[in-house]
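Full structure from sequences and hints, please.
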Amino acid sequence: MTRTELNDLHDALYVLACAVQDVRRDLEANTKPTARELGDMLRWILDCADPLDTVRLRP
80 MTRTELNDLH DALYVLACAV QDVRRDLEAN TKPTARELGD MLRWILDCAD
130 PLDTVRLRP
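Residue numbers (my numbering): 80 to 138.
Quick caveat, the hints were computed from the structure, so don't treat them as lab data.
Ideal placement from N, C-alpha and C gives every residue a C-beta, glycine not left out.
It is possible that part of the hints are untrue.
Stated by the list, open to error - With beta-carbon atoms standing in for the labels, derived distance ranges:
{"hint": "1", "residue 1": "Leu85", "residue 2": "Ala108", "range": "31 to 39 angstroms"}
{"hint": "2", "residue 1": "Arg137", "residue 2": "Leu106", "range": "22 to 30 angstroms"}
{"hint": "3", "residue 1": "Arg137", "residue 2": "Lys111", "range": "42 to 50 angstroms"}
{"hint": "4", "residue 1": "Glu107", "residue 2": "Thr81", "range": "35 to 43 angstroms"}
{"hint": "5", "residue 1": "Asp132", "residue 2": "Pro112", "range": "23 to 31 angstroms"}
{"hint": "6", "residue 1": "Leu121", "residue 2": "Asp90", "range": "20 to 28 angstroms"}
{"hint": "7", "residue 1": "Thr110", "residue 2": "Thr81", "range": "39 to 47 angstroms"}
What follows is the structure, encoded as structure tokens:
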């Protein structure tokens, strides 16, 4: 894995971790989110996770 690939992976994981924190905070603030709000939260996490779908680790 090149340094650039490692940096890209680190960046993608950071973005996903921030999205998870955002959604967790939103859920804690709103104990009864609507279906639309839940859908938006799920889409946000999935959008942030998409770049990780193409990552292939190799020695």
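Give me the numbers of the hints this structure contradicts, sorted from smallest to largest. 2
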